[in-house]
Each structure stands twice: as C-alpha cells, then as structure tokens.
Amino acid sequence: MRIGVFICHCGSNIAGTVDCAAVASKARAYPDVAYSTDIMYACAEPGQDAIIAAIKEHLLTGVVVASCTPRMHEPTFRKTVERAGLNRYMFEMANIREHVSWIGKDIEANTNKAAELVRMAVSKLRLNRELKPKSFPVTKRLLVVGGGVAGIQAALDAADAGLEVIMVEKQPTIGGKMAKLDKTFPTVDCSSCILGPRMVDVAQHPNITLYAYSEVDSISGYVGNFDVKIRKKASYVDWSKCTGCGLCTEKCPSKKSYDRFNEGVGPTTAIIIPFPQAIPKKASIEREYCRQFNTGKCGVCAKVCPTGAIDYGMQDEFIDAKVGGIVAATGYDLMDWTVYQEYGGGRYPDVVTSLQYERMLSASGPTGGHIKRPSDGEEPKDVVFIQCVGSRDVSVGRPYCSGFCCMYTAKQAILTKDHIPDSRSYVFYMDIRSPGKGYDEFTRRVQEEYQARYIRGRVSMVYPKGKKLIVRGADTLMGAQVEIEADLVVLAVGAEAAEGAPHLAEKLRISYDSYGFFMEGHPKLRPVETNTAGVFLAGACQGLKDIPSSVAQGSAAAAKALALLSRDMLDSDPQIASVNLNRCVGCRKCIEVCPFKAIQEIDLRGQPKAEVIETVCQGCGLCNATCPQGAIQLSHFTDNQLLAEVEALCRF
Amino acid sequence: MAIQDDIKSAIAEALPGLSCVIGWGAGPEALRAAPLFMRDAADVDKFTAGFLAVNNPALFLPSLKGAKVGLVVKGCDARSVGQLVAENLVSREAIHLIGYPCRGVIDMDKATAALEGRCEPGEVKGLREENEDIVLDAPGGEIRLAKKDVAADKCARCRYPNAESADVFVGEKAAPVVERDDYADLAAFENMALDARKAFWEKEMSRCIRCYACRNACPLCVCRDHCVASSREPHWLTQADGVRDKLFFQLIHATHLAGRCTGCGECERACPVGIPLLTLKRAFSRQVEGLFGYTAGIDRSTPPLLTFKLEEPAIKEREW
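Those protein sequences? They're chains A and B, same order as listed. My numbering puts the first residue of the first sequence at 1, with every later residue one more than the last. My numbering puts the first residue of the second sequence at 1, with every later residue one more than the last.
Derived from the structure by calculation, the hints contain no laboratory data. A couple of the hints might just be wrong.
What the hints assert, rightly or not - Label-pair distances were calculated between CB atoms; the ranges are: (1) B/THR255 - A/GLN600: 49 to 55 Å; (2) A/ARG129 - B/THR255: 27 to 33 Å; (3) B/ARG300 - A/CYS245: 53 to 59 Å.
Said to hold, decoys possible - Straight-line C-alpha distance at most 30 Å; calculated DSS-like pairs for lysine-lysine: (4) A/LYS597 - A/LYS132; (5) B/LYS65 - A/LYS232; (6) A/LYS597 - B/LYS148; (7) A/LYS609 - A/LYS180; (8) B/LYS309 - A/LYS229; (9) A/LYS256 - A/LYS134; (10) B/LYS198 - A/LYS609; (11) A/LYS233 - B/LYS309.
Computed from a predicted model, the values in this text were never measured in an experiment. For each residue, glycine too, the CB sits at the ideal point set by N, CA and C.
Please take these sequences and the hints and turn them into a complete structure.
Structure (structure tokens):
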C-alpha cells in the first residue's frame with residue numbers, strides 16, 4: 001500500500017501549537033507511507049487539489065489527512081480522494097485540532113501527540129478495504145410529532161409540497177401552547193385568530209392524517225424507512241360519530257374536573273371539548289373524573305349524545321405507519337414553580353402562572369375574558385408580575401433564560417390595562433431581554449404608554465395580608481426595598497422541555513440535554529437536524545423560542561425533510577456489520593440488542609445462526625460489541641483495525 | 001447410600017428417552033471421581049454421587065447440542081445450566097435435570113494439605129462418608145477428616161445447594177449454607193494496598209503456563225475454538241509469555257464472564273498451578289449483582305452486560 005499523509009496547518013489553528021512540518025517528517029517513517037507533507041488549508045480548493053495531485057504523482061492508494069474533526073470535513077476529503085480515483089473508504093482522518101492544538105499549548109508535547117494520532121490513522125488505513133454502498137428505496141411520508149405551531153407549520157409546508165404527512169398529537173386537540181394564549185406579542189393580535197386557520201388547514205389538508213389524543217408508542221427502522229407504532233388513546237367517544245355538538249359537556253354532572261386546557265383556572269366537566277376552536281372538535285372523557293368509570297353509575301353523556309358516540313368500553317388502539325422522516329416538535333411545559341416557597345409554593349390562590357393568566361385574559365377562557373382573582377372573583381387593581389421564576393436561577397437548577405417571558409409579561413401588562421383601565425401593573429425583572437423585530441419598542445411602550453411600573457430586582461417574598469398579597473422585593477436601581485400591596489401576582493414561570501420529551505428522544509435515538517431539550521446536529525450549522533439521519537427538530541423542543549422562531553424552524557425542518565424525501569433511493573452506508581457463520585453460536589444476543597431489527601435468525605444445516613440485513617444495518621456496532629464469540633465484525637471498524645490503532649499507540 | 005440408589009433409579013427411569021446421562025463415576029484415584037457418561041444400565045451401576053462429585057457436568061452441554069441429554073446436578077451445576085439456558089446457548093427442552101441435595105464437595109488442594117506427612121493423596125485406597133466427616137482408607141490405617149476442612153471454598157458460601165430447576169429431585173432438600181454471599185473473601189483481598197494487590201497478581205500470573213485449562217473447564221466459555229486467546233483473526237492477544245499477557249488473558253476471561261459466572265469454581269480447580277482465578281470473577285459477580293440485581297444462573301433473563309436497555313431500572317442515571 002502507498003499511503004499519503006497530509007498535515008493541515010488550519011492557518012494558525014493547528015500550526016500555532018503543533019510543528020506540522022515535524023509531524024509530516026515523522027510520518028515519513030511510518031509503514032507504507034510513500035509521501036508526507038504539511039499543507040496550509042487541506043480543505044480549501046488548493047489543498048484538495050494538492051492532495052489529488054499527490055495521489056496521481058506518487059501513485060497513492062490511501063490517504064491520511066491530519067486536521068480537524070471528521071464531523072465537518074470527513075465527507076469533504078472522501079469526495080476529494082474519490083475525485084482522484086480512490087475508493088472513499090481508503091481515507092482516514094486524524095483530529096489534531098480539537099484533540100491536540102486547541103487543548104494544549106506545549107508545542108513539543110502537541111507535536112508528539114499529533115504524530116501518534118497520525119501513526120494510529122496510518123495503521124488503521126493499512127487494513128482498510130474498499131467499500132461500496134448499496135441503495136434502498138425511501139418511504140415518502142413524514143411523521144410530525146407534536147401539533148403545536150411549529151409542528152403545524154412543518155406539516156403544512158411538507159404537505160403543500162406534496163408529501164404525505166402523519167401528525168401525532170398527545171392532547172385531544174392540536175394547537176399546543178399557542179392555542180392557550182390570548183394575544184401574541186409584539187402585535188397584540190388574537191392568538192387563536194391567527195392560529196385557528198392553520199389548525200383548520202391541518203384538519204382539511206388532503207395530505208395530512210391527524211392522530212390527536214395519540215402518542216408515538218415505538219419507533220424502529222432507519223432513515224427513509226421508519227416503522228412507527230402510534231397509540232391512539234381511548235377517548236371513550238367514537239370520533240367517527242361525534243359531531244362536536246357539545247351537548248355531553250353541558251349535561252355532564254361531574255363538574256369538578258381539572259381543566260387541563262385552561263391550566264386549572266376554574267373546573268370543567270369529565271367529558272370535554274378543550275376549547276371552541278379545537279381541532280379535531282371532538283369530545284373525550286377524562287377517565288379519572290368520570291362518574292361512570294368511578295362509580296359505575298351515570299351514563300348521562302351516553303344518554304344525551306344524539307349520535308350514540310359514547311363508548312365506555314373503548315380500548316387504546318394501535319396504528320402502524322411507515323414513514324421516511326420524522327419531525328419532532330414536542331414543545332415545552334412550564335417548570336414546577338412550587339419549589340419557590342417564597343412565592344407561596346402554590347398555597348395562595350391569587351398567585352397564578354403566566355399561562356393561567358392567559359386563560360383568564362382569553363375571551364374563550366373560563367372567566368370569559370374577565371380578569372378575576374381566583375380567591376373571590378373580584379377584579380384586581382394592583383397586579384404584580386414577577387419575571388424569571390425558574391429562569392436564570394441556578395439555585396433551582398435552571399440556569400438558562402426562557403427567552404420569551406420578558407415579552408409576554410410586557411404583553412400581559414398591556415392587556416391588563418386594556419381590560420381594567422384603572423389598574424396598575426408592576427413588573428419585577430432582572431434584565432429586559434427583547435432582541436427581536438419590534439420587540440424593544442414593545443417593552444418600551446408598555447412602560448411609557450401603559451404606565452406599567454418596571455422594578456429591576458428580585459422578589460424576596462409574597463405573603464397574604466387580609467385580602468391582599470404583600471410583595472416584598474428589592475429595587476436595585478433605587479437601592480431600596482419595595483413593598484407592593486397586590487391583588488394578583490402573576491409569575492413568569494420558566495419553561496422546560498415537554499413532559500416525556502426524554503422518552504421520545506430515546507425512542508427516536510436522538511440525544512437531549514440535561515433539561516430534556518433535544519440536541520441539534522450542530523448548534524449553528526445544523527440547527528434543525530439531529531445526529532440521527534432522518535430525524536429533524538422544530539420549535540421549542542430543541543430549545544426555548546417564541547412563535548416567530550418556532551414557525552421559522554417548522555418551515556426549516558420541513559425543508560430538510562423534503563430534501564431528504566425528494567429522493568427515490570438513498571445510499572446505505574457500507575460501514576455495516578457482518579456475521580462470521582463459523583463463529584456464530586446462534587445465541588440471539590445480537591438480535592436482542594439491535595435497535596434497527598437488522599439481524600435475523602437463519603437456519604444453517606440445522607443450527608441457528610445470525611444474519612445481518614445489509615440495507616437495514618446502520619453500523620452502530622452494538623451487536624459487534626455484544627457478540628460474546630466475536631463473530632460479528634463491523635466493516636471499516638473491524639477488531640483488527642481497532643487493534644492496529646491501539647497497538648500503534650501502545651507500543652511495548 | 002440410599003440416596004445414591006434413588007438417583008440411580010431416577011437415571012435408569014429417564015435414560016430411555018435420552019442419548020446419555022452425565023454424572024460421576026470412579027476416577028483415576030480413590031479421591032478423584034470423573035465425569036461419567038451413562039448410556040445403558042451397566043453404566044448406571046458405575047454412578048457415584050457425594051463428596052467427590054466435583055466436576056461440573058454442564059461443561060459438556062454446548063458440545064452436545066442437538067441431542068437430548070440428562071444431567072445429574074448439584075445446586076451449582078444447575079446454575080451453570082440455568083445460565084446456558086438464559087443465554088440461549090442450550091435449549092432447556094433438550095435437557096433432563098436430575099437434582100439431589102448437595103452437602104459440599106472436596107477440594108483436592110485442601111485434602112492434599114491435610115494429608116501432608118501422612119500419605120500421598122494417590123495412596124488412598126478408598127473413602128467413606130460418615131455424617132460430617134470423611135474416612136480415608138490410607139496405607140497407615142484410617143484417616144478421619146472433617147468435611148468442612150477439606151470442602152471447596154464455594155461450599156462454605158453455598159446459597160443454592162439444591163438444583164431448584166431440576167426436572168426430578170431426589171431426596172430431601174438441603175438448607176442453604178448461607179442466606180447471602182457477603183463476599184468476605186473479596187473484602188479481605190481488597191484490604192490490601194493497591195501496590196500489594198498488583199504485586200500479588202503479578203506473582204500469581206507469573207506461574208500461569210497459558211494451558212487454558214481454566215477456560216476449557218468453564219461451562220460458560222462457549223467460544224472454544226474461537227477464543228480470543230488463540231484467535232489470529234482478529235489478533236487480540238499475543239502468544240507471548242510475559243506476566244502482562246497472561247494477566248491480560250485472565251482479565252479478558254473474567255470480563256467475558258461478568259454477570260455470567262455462577263461461581264462454580266471449575267476454573268480455579270482446573271488450574272494446575274493454583275492461581276486464585278475465582279477471585280477475579282467474583283469481583284465482577286459482586287458488581288453485577290449490586291448494579292443490576294442479577295444473579296447468574298438464577299435469573300432467567302439475558303445477563304445485563306450482554307444486552308442493551310435504554311434505561312436500567314436499578315441504575316438511576318437520570319431522574320425524569
């Protein structure tokens with residue numbers, strides 16, 4: 001084998017702390033190295049041309065580039081060697097930037113380490129074999145998990161482009177958090193008026209199949225061909241018969257159910273239609289509040305239903321679907337703010353969350369759009385807003401900024417003034433974060449035109465005094481303590497990833513951070529892709545964002561999905577596992593661990609053996625590591641190749 | 001012995017439906033029994049059980065795939081069978097287990113030491129069991145030894161003296177010697193300083209002759225011809241004779257048995273140079289029992305290190 005080694009300077013990124021020429025010179029002594037040089041920017045056009053020229057001039061059969069992480073440029077260089085006529089797998093990359101130059105300043109030590117890494121790459125390359133991909137067909141159907149505004153946007157964009165879309169929504173209606181909002185900043189336009197038509201579009205689009213009140217039960221398969229099992233939760237109402245007339249919700253005698261959609265502002269019935277514009281507008285029974293289920297005696301809804309849609313015996317239903325790509329758009333939930341004992345920890349009825357306040361402001365909410373104190377129903381005059389409740393607070397394990405609270409608090413202060421003109425609003429804030437189009441003007445308007453009093457400082461405690469709540473806090477700009485007698489306290493509760501998001505991430509085989517937010521492929525350059533091919537992200541599930549950003553990301557995710565699913569065939573990665581039948585004892589452990597169901601049992605002369613289905617295998621290596629007999633090898637990462645690397649490093 | 005006759009009847013009864021029954025018969029010396037493959041009534045007559053029934057008959061199962069075989073098993077042997085079944089390495093339907101209450105087996109090293117100065121183990125002409133003692137017919141007259149003094153270490157911490165999974169159980173079940181394995185032997189070892197421990201293993205491994213008797217005696221070492229120790233493709237290990245190579249092999253052996261080893265001790269018994277190999281394996285077993293709540297040979301599921309779960313119920317990695 002004739003190996004060429006190229007040590008990249010990456011400008012001064014590598015050459016600043018690594019003697020690249022010395023590394024190249026050391027590499028000349030490694031076995032099978034026929035040519036070695038250092039190069040200013042290997043990835044730039046002159047660099048790539050130099051590699052191609054060297055391959056031709058020195059008749060190289062394999063190439064090692066020592067530069068940055070293969071995450072960025074391995075595809076680049078594979079294409080380069082391919083252009084020079086080599087198989088793309090006759091290439092190895094040594095990461096001497098992230099693993100060497102950026103993490104140490106000692107030039108001698110760095111140079112040695114870089115040389116060792118190059119030696120490992122050379123040793124592995126010597127055992128590389130030419131690999132060729134196979135191609136497989138793609139299922140042109142997209143799954144969107146989550147029917148909030150981001151999911152809706154992704155689904156509509158993909159469906160408009162002609163793709164079949166399946167939308168799965170956990171709640172009985174789509175709309176997500178946006179549907180709960182009264183108005184939206186910075187234009188103060190009605191949330192359901194702008195979201196409603198989009199929701200209707202989802203319901204009516206010929207390319208979209210909506211499964212509301214459903215969850216993704218399991219996912220198997222791989223990019224282009226995912227097998228999804230959807231669990232349609234029992235709503236105890238046959239939705240094919242339900243007309244959404246709402247008679248059942250009027251007559252239901254169990255009137256003290258927790259109202260999930262209205263965030264518990266006022267009770268509701270056990271059989272519900274979440275809100276008037278719900279999509280689908282179908283009733284469902286909350287089993288834990290239903291008298292029929294709890295006492296076995298009631299049946300009122302079944303009696304009044306004009307179409308006989310009530311079915312107490314309904315069971316969860318499972319639907320199998322095949323999709324080519326998946327968009328996760330699971331959104332967020334508010335964190336459990338009751339950890340804040342200083343705000344009453346949930347003991348005072350007149351301390352509410354911002355989402356509860358939205359429902360009070362909403363004309364379709366339980367108070368009919370009248371702001372009322374939950375304790376006595378009176379109209380509040382002094383309303384205190386406390387920001388950063390569970391945001392930017394390391395003491396409760398929430399160091400991050402939720403991003404949208406400054407803006408919606410300003411909006412709520414404006415709406416408060418609109419609803420109750422003689423009211424006074426007070427906003428305790430840490431900093432006002434309003435870096436969006438028209439955002440800063442908005443927060444200025446609430447202070448200047450709506451006379452909301454902004455107090456920079458934290459609230460130390462909230463306690464009741466008679467009918468009032470005393471809010472005691474610091475005004476750090478004045479350097480003084482302030483005490484406000486409030487009728488209502490609204491907490492801008494920080495958000496976290498939606499409940500159950502980590503479980504979905506595990507099903508999707510994507511990673512998530514310690515707050516449950518899904519990890520994007522690259523924080524700047526791959527914001528809606530994940531490191532699992534075919535799985536994309538939209539909206540707050542990737543990190544908190546407001547409506548415009550969520551919508552933009554929904555469209556971006558759809559664009560990525562469309563780019564993937566516009567192809568008829570995909571190339572399978574040839575870095576896959578294969579079974580040595582001589583060694584296989586048929587213990588089935590590989591079959592058990594394979595997350596892609598890519599291994600099947602075959603019968604070889606009466607003995608059970610394992611066999612890898614080539615186009616299904618994703619080369620994750622689990623079977624390889626599991627096989628006790630070492631009967632499974634992963635091509636391009638064979639035991640011998642890894643051993644060669646280890647031995648190149650640990651010579652004794 | 002009445003129980004021996006009862007076992008023989010159980011074997012004779014099962015034999016027609018089986019290709020053979022594996023038990024123990026007379027060995028090369030009076031103090032050593034050997035595995036006995038019984039195919040007819042004459043073979044069954046040669047069967048012996050008791051204090052000398054040392055060998056683990058589960059060893060032969062993977063190589064007898066395809067035939068229905070019977071096994072006379074002690075509690076520890078049955079665990080090995082259970083583990084092979086749990087790992088799909090043998091089919092439970094193809095095995096007929098005859099269990100009996102085991103009250104310990106001999107450790108030849110201890111017996112040799114006990115006879116030191118009196119006679120060679122090979123000179124003993126016969127042995128009979130009398131309750132808690134064994135009486136040896138030695139050249140200079142009878143020698144009486146307490147069983148507990150010459151029994152294998154594993155017998156002193158036996159939790160499962162009865163083959164619970166047996167198809168036929170002969171006799172009254174014996175009480176477990178201990179309720180729980182406290183791994184006191186490991187604790188004693190771990191009291192040594194790290195340097196001393198390293199020196200200990202280097203000294204022990206310096207005697208290793210890489211004969212692989214430990215591997216060949218292990219009922220769960222099923223790779224046999226494809227063992228990494230001797231494989232050239234992939235070439236994991238050198239054949240070098242250095243202490244580190246030997247330790248490397250033994251650590252691989254122990255790692256491959258992590259969560260699978262039932263502690264039958266056959267590796268240590270087979271070792272011709274007396275390396276305390278079970279210590280390595282028990283260190284892993286303790287770990288796996290603690291982390292995954294998995295007891296090899298008793299649990300029926302795949303050993304935790306040979307499978308993949310998104311979340312381990314016993315390991316609270318993330319509290320969601």
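Evaluation of the provided hints:
no.: 1; hint: B/THR255 - A/GLN600: 49 to 55 Å; in the structure: 28 Å, violated
no.: 2; hint: A/ARG129 - B/THR255: 27 to 33 Å; in the structure: 29 Å, holds
no.: 3; hint: B/ARG300 - A/CYS245: 53 to 59 Å; in the structure: 54 Å, holds
no.: 4; hint: A/LYS597 - A/LYS132; in the structure: 22 Å, holds
no.: 5; hint: B/LYS65 - A/LYS232; in the structure: 45 Å, violated
no.: 6; hint: A/LYS597 - B/LYS148; in the structure: 52 Å, violated
no.: 7; hint: A/LYS609 - A/LYS180; in the structure: 56 Å, violated
no.: 8; hint: B/LYS309 - A/LYS229; in the structure: 19 Å, holds
no.: 9; hint: A/LYS256 - A/LYS134; in the structure: 60 Å, violated
no.: 10; hint: B/LYS198 - A/LYS609; in the structure: 41 Å, violated
no.: 11; hint: A/LYS233 - B/LYS309; in the structure: 26 Å, holds
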